[in-house]
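What follows is each chain in one-letter form.
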Amino acid sequence: MVSTPLPEPPPRLWRTPEPKRHYDVVIVGSGGHGLATAYYLARNHGITDVAVLERGWLAGGNMARNTTIIRSNYLFDESAKLYNHALDLWEQLPAELEYDFLLSQRGVLNLAHTEQEVRDSRRRVFANQLNGVDAEWVEPDEIAELCPILNLSSDVRYPVLGATLQRRGGIAKHDHVAWAFARKADEMGVDLIQGCEVTGFQLDGDRVTGVQTSLGPIGAGRVALAAAGRTSLLTDQLGLRLPLQSHPLQALVSELLEPIHPCVVMSNHVHVYCSQAHKGELVLGAGVDSYNGYGQRGSVHVIEQQMAAALELFPIFERAHVIRTWAGTVDVTPDASPIIGPTPYENLYLNCGWGTGGFKATPGVGWVYAHTIATGEPHPINEPYGLDRFTTGALIDEHGAAAVAH
Amino acid sequence: MLLIHCPWCGDRDETEFHYGGQAHVDFPENPAELDDAAWAEYLFVRDNPRGLFHERWAHTAGCRRWFNVVRDTTTNEMRPEKVLP
Amino acid sequence: MTVVSPVDQEVDTLRRSPLGARATEFAARSGPAVQLVEEPFLTQVDLRVHPGSPAVARIEHALGLALPHHEPNLVSGDEDTAALWLGPDEWLLTAPDGRAPTILAALDDALSDSLGSTVDVSANRTALRLSGPMSREVLEKLCSLDLHPRWSFTPGHCAQTLIGRTQAILWQLDREPTYRILVRNSFAAYLADVLLDAMQEFTAG
Amino acid sequence: MTRLAEGGRIDRARTLRFTCDGIELTGHPGDTLASALLANGRIEVGSSIYRDRPRGILTADGTEPNALVQVLSGGPEPMVPATTLELRDGLQVASLSGVGWLSNAPDPTVRDKKYVHVDVVVVGGGPAGIAAALAAGRSGARVMLVEQGRHLGGSLLDGDERIDGRDAGEWISRAAREFVDMPEVRVLTRSAAIGYYDHDYLLVAERRGDRERLWHVRARRVVLATGATERPMVFADNDRPGIMLASAVRTYLKRFAVLPGQDAVVVTTSDSAYLTAADLAAAGARVRAVVDTRPEPPQRLVELANSLGAQVFTGSAVVGTTGDRRITSARIAGLEGGTPVDVDCDLLAVCGGWNPAVQLYSQAGGSLRWDRLVAGFVPEQEPGRPKVVGSARGTYDLAGCLAQGLAAGAEAATACGFRIAAPPVPPVAGDRPVAGPRPVWLVPGEGEPSEWTQHFVDLQRDATVADVWRAVGAGMRSVEHVKRYTTIGTGNDQGKTSGVNAIGVIAEALGAESPGEVGTTTFRPPHVPVSFALLAGRDRGELHDPVRTTPMHSWHVEHGAEFEDVGQWKRPRYYPQPGEDMAAAVHRECLAARTGVAMQDVSTLGRIEIVGPDAPEFLNRIYTNAFAKLAVGKARYGVMCTADGMVFDDGVSIRLAEDRYLMSTTTGGAATVLEWLEEWLQTEWPHLAVHCTSVTEQWAAVAVVGPDSRDVVARLAPDLDVSNEAFGFMEFRETELSNGIPARICRISFSGELAYEINAPSWYGLALWEAVHEAGQDFGITPYGTETMHVLRAEKGFVIVGQDTDATVTPHDLGMDWVVSKRKDFIGKRSFSRPDTAREDRKQLVGLLPVDPADVLPEGAHLVEPDVPLVPPVPMLGHVTSSYRSAVLERGFAMALVRGGRHRIGEVLHVPVDGRRIPVEVTEPVFYDLEGARRDGR
Ligand SMILES: Cc1cc2nc3c(=O)[nH]c(=O)nc-3n(C[C@H](O)[C@H](O)[C@H](O)COP(=O)(O)OP(=O)(O)OC[C@H]3O[C@@H](n4cnc5c(N)ncnc54)[C@H](O)[C@@H]3O)c2cc1C
Ligand SMILES: NC(=O)c1ccc[n+]([C@@H]2O[C@H](COP(=O)([O-])OP(=O)(O)OC[C@H]3O[C@@H](n4cnc5c(N)ncnc54)[C@H](O)[C@@H]3O)[C@@H](O)[C@H]2O)c1
Ligand SMILES: Cc1cc2nc3c(=O)[nH]c(=O)nc-3n(C[C@H](O)[C@H](O)[C@H](O)COP(=O)(O)O)c2cc1C
Ligand SMILES: [Zn+2]
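Chains as they are written, first to last, in full-length UniProt numbering: chain A, 1 to 406; chain B, 1 to 85; chain C, 1 to 205; chain D, 1 to 938.
One should not assume that every hint holds.
[Said to hold, decoys possible] One-sided excerpt, in silico: chain A residues whose CB lies under 7 Å from chain B:
1. L244
2. S290
3. Y294
4. S299
5. P334
[Said to hold, decoys possible] Residues of chain D placed beyond 10 Å of chain C at every Cβ, according to the derived structure:
6. K113
7. Y115
8. R218
9. A415
10. E513
11. R538
12. R548
13. P578
14. E684
15. E697
16. F729
17. E840
18. R891
19. Y928
Bear in mind the hints are in silico, worked out from the structure with no lab data behind them. From the three backbone atoms N, C-alpha and C, an ideal C-beta is built for every residue, glycine too.
Chain A with its partners taken away, still in its complex shape (with noise of 0.2 Å):
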């Protein structure tokens, strides 16, 4: 035996009860940050009376698909308030949620390949230290320590210059993290209802008052929308267009491997990120593909060009095998940030607009959504997330800025 498994999960997760024919709050979709949002609810706000509403099977949107990066070395200072809430949320949740869903603090490197890359990756770090996010620009020689693996020789095509290293960054079990929210959701009241698909809404004017769905109608005080890639499906509903694009996004996993890399490695240029998953699969991504797409499938080339990458950074991975592609439909907007705030319909709210990027978020994001549910106004972390922005021209363009995505 030289595998040891996972810890084992708990012998009860949750109830499939009857949806009721109104809630205080409905949210649609159980992916990360609809659960989490619910946890929030019920236990920052004492709202329990909440249905979480999932057209499929739980988690089972991005939630069930991402590689499971987390880190909260973004660049502007909205970001870095953001990803910090969540990464301070996420280091107390496997004791306040009584899961060990493994996470795993074990360090994000994101290199950098050019000179431009060198100064973007600098900029980053000197302001992730002034934002109070552990951040460090690590020269070659000290990557060679971090990450003996990666190919460090001046003798390649895109030479590693430095990287940044957020030490707290990680990964987590995805799967777990949401069945951990579900569960104590679950017990505190909330109905987690599979296999019921919004479709649209109850409008009293410009109010939203419940919601269509393949199981019914269901009547809501509020409605929090939580469903990624198809946010603009269900918004299209109202009239009320978005900024999201979605995109197939696509990941792979390597057969089981004994420990050989330590950290997170994430590479813009060269554009391939990996871990390694606690069970010893090497986990891999890159970038969207180019078109809009909801069949949770992208294009083979995309595959090819990622191990290409993958192959320059980590020559050791030669004959490691890829055992399964598989893709999401990732919600894109024009600055790379996310969309979290109130609409200009009463009683709606929105969270989307996560890209490749809102695993990581999953309990800040369901905190702050919680707070804007629960009291009408944004937190002030969500604050400037709003739709507005996109009129005003005050994007946060984390992706303009080259910084990193995922």
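Start from chain A and add chains B, C and D with the ligands according to the hints.
Relative to chain A, chains B, C and D with the ligands alone:
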């Protein structure tokens, strides 16, 4: 790997093309007259349907022409868009 | 077009083609199955004109060449002097070294007041000649076009496409098959490298 | 020894030596590692991943969950199924327990890719696939037949069927010969179709010793003849070595002449395992019992079993086993009760039923349906989806498989324009009607299912019935949840043997009607594992990404330049002389440009010719400043913005003629700008008569910079009047250089000094460079790289797009209001008046002078108010975009984007670095030659 029909060069692999998003979004006649919201709509808001989507591609590695197609965003089935008058 | 402009011998010796220094290497890595050589300094002129323009007839007359436009991806002429379809209103005219001034003058005359453009791109790309019975097999490792002779790609066809990770103009010259690949200078070394790499299967001892 | 005296497709004349776990063994060409191990009497492989239970070879193909080995020889490869690994001389392997390992040892394997187009691709070279390829091939269509195994034939290789009056093997050989004679048919064996992508794009992984090839197959029609795979049964202790799939036992007997056991029990849910019993007996094994879950199996089969001397148990199953490192007995009990019987055995051949291999059909977007009669998931056979034939769709009789194959092949070819009628189906013998199976998902054990911790469902993941029960007990209803809770189906084998059994068990746990109600999990590529290296192909190392170089590159290399990656280009960064570091070299290069003359290779700048009567109007719309009125012969600097008003490229454009401009772009931006221009031209302004042609590589260019540059250019271009009066700033001239090179010389300056950019057709690039170098010798002309270029331009406050800007910066933010036309409209203009974009206190470009001139600020550092405590979160005012030590100023200086920066000029701010605060004065972003006198030279 999508097989995309360039109306000029014929069928080519997706890797020869660049995606251009929704088709038929015209640059406003007179941007100065638009209010901020309408301008923001032009800049940032595009349809994102599940199902048939009129979209643009550019044959960047080939003839460099832009053209429109209709694609089903769930199955990726594609057909040429009828050339509009 | 019959006028051959005299090539200035002295300044000529100052020219270097992107792969000029690698000729012996190419020869050494070629074999009976497949051969690679650079064909430097071809005259190349990019012509843009609407296929319905009255200038087209004048241009064809001046060049002594049809501008293929009824079907895409076709070449008229021969490997010496040719017009390659690049797009619905775009052709690449090729000719032996040194003809650009005469071609440009002839085209500008023929275009006269009609809309269009001509640009000398002779130094923008170089050409690689890939020939031998296995040359199609070599290309199939790098290029996703259907190169099967019975179907779409035969002598007299050309296509702008990707070869490996670079864009190129692929032109089949004859049935052997022989291909001429026009590639932008800065990508020429890369293209040569990937071709030589793909050839190795058929040329290695 | 368990190798039979004769038979099999092995070459007994030759012996291959190999080692497993250090033990030396032998086999023959034709063996797989698994068959060779079995022939050596070794059935046990690595123990199980989590429970340390002994495990043995279960299958004879790529569905193997247990016998995954680490190949040690020839570049270590993890997790290779022993059942598909072809034996070769010197092979060394080690057994694994579900986890492999990686090593850096060199890998001799050559891997490449090939792109092919076919009319019809047939996946699977069994009878159905061969038939399909024959019919399609005879039409003249381009056909590809791919078979993952070593030989064509599929399950015919293990049987005794006869086709067309001959041995099936002969039919296969005849077909193979016919394929060879059909020029448009390509047969690939040892090649697995691993992925089915949109628009009928298949990936086929071929493996042939040290050569691997990934075929990219674009097909017009696809026929899937992937066969069916056998599944095991779920009973207590069903995982002991010696328990094998019944069909695998047959394969070992027939293909490899290996008898995996002497005392056999056969347990089955359908007819097919009786053939295994017969073959075992024929090979000399004792078949002690045949156990059939069906109360009334076909009488002829019962008679057959009896004739073999086997005791037949009907309506029964194996409910448990004993044995330490190998099975020693099977406990047989009636499914409706009764006293169990223990039968000694060293081999238990199991047939839990058959799973049509529907994975590729599902990957293709096809839907599956549970078929009760087939007792498996079968393809729905929807129109527009690939055609599935043979046992892949649950057809288990040979005649049916052949008929479907021939029909599908003909139909596919016809659909591609190669008309052909389906050939007649050859008569078949030895093929028997197949009676209905009786699957048993859960063989009863002791106690409750929740306690059945030794009823294994997924051998590779060590997951049991108890695990499934636990998942369902926790509240899970979906097969997807159970998969993730138990990890069933997530191994190397992707649940090929365990998947449907798991679904059956879940159905039982949920009390569902049938597995169909539960449904499958999603099938995803790759169908069989494929190495990272094969997917990467040749795009590695030197071929990873094109290296773009200028015509002068060889000179730079010879002269010791250090290079920088800019986009795909290699650009000289600086030219160190012996003993110099970058700072010293840059200092020297800068001084040369400021005090004498220096030269830089600027051939990498993007260049686009823009031609047509509407070119002036077009550039007016693209650039923020006006270009329509630029005089012919003159040059102008321009900035372009995206529609949301952010700077995205800049450069100098010159007007060659009334209707012709030559635009230059940044090195990295060339392709993007050309695409941008085409997009606007074609999709927004098709009425504008303008054509764009990329001429980046048409031109080589050398910047000649410094007060002595005029003299150098005068020497170079004797025909040119280089006086200020005759050749003004931002003008260009065409001339012939002294060596005869035709050149276009432009007076532009990115350094503030008198400077010329000499352009010549790129084939003269090296000669041009050498000529400039030569002409400048008397002036000590100094080649310089990008780093010096950066310093020089920063001293003058010129921005570099992408360094002093990111996608959040407007021209106004850069203090470049002068470049923004008030009169005309252009792309991005409307965005400037948005509330946030119009804010006065946006981040604006300023200069910074460290109060201590010795300080050089780190680029990327942030600015803070002097009195702010450095306790996070520290409010930041902006960041340093460019920072250098200036040779002429003899001090550090920087440029920065600072909130409300224009109004802060004169203020002192702090730059915190490593806990230290560096005080800096905010200045205008021009540091040198404020009045701009130097651009005209001395
Ligand atoms: C391949 C991949 C890799 C990624 N890697 C990372 C990473 O490393 N780090 C990181 O931080 N982020 C990563 N992400 C992004 C991250 O997964 C998402 O941003 C995040 O999961 C989105 O929030 P969510 O969990 O709530 O979304 P989801 O899990 O997608 O939840 C949305 C739910 O809404 C349901 N739904 C939608 N419409 C309806 C409806 N009409 N009615 C009812 N229910 C509905 C969906 O079924 C779904 O379950 C990755 C994403 C992908 C696809
Ligand atoms: N219950 C039964 O009695 C039973 C069950 C199964 C099969 N059979 C018999 O088996 C035969 C079935 O013929 P068939 O042609 O349908 O199937 P087959 O099993 O004979 O052949 C299928 C072939 O496809 C190959 N294959 C599968 N997936 C592949 C992939 N992704 N890439 C490349 N190759 C792949 C396999 O290696 C195999 O050789 C019939 O003779 C039938 O009687 C009987
Ligand atoms: C972090 C992570 C690790 C995974 N590890 C495995 C694995 O070891 N084996 C496996 O088969 N799938 C693995 N998967 C992929 C899932 O099987 C599955 O493909 C993914 O959840 C998407 O669902 P779908 O393929 O069913 O659409 C993993 C997924 C993630 C996000
Ligand atoms: Zn085209």
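Taking the hints in turn, this is what the structure says about them:
no.	hint	result
1	L244	6 Å, holds
2	S290	4 Å, holds
3	Y294	5 Å, holds
4	S299	5 Å, holds
5	P334	5 Å, holds
6	K113	6 Å, violated
7	Y115	4 Å, violated
8	R218	8 Å, violated
9	A415	16 Å, holds
10	E513	47 Å, holds
11	R538	6 Å, violated
12	R548	4 Å, violated
13	P578	27 Å, holds
14	E684	18 Å, holds
15	E697	4 Å, violated
16	F729	27 Å, holds
17	E840	44 Å, holds
18	R891	38 Å, holds
19	Y928	33 Å, holds
This entry does not satisfy hints 6, 7, 8, 11, 12 and 15, going by the numbered hints stated previously.
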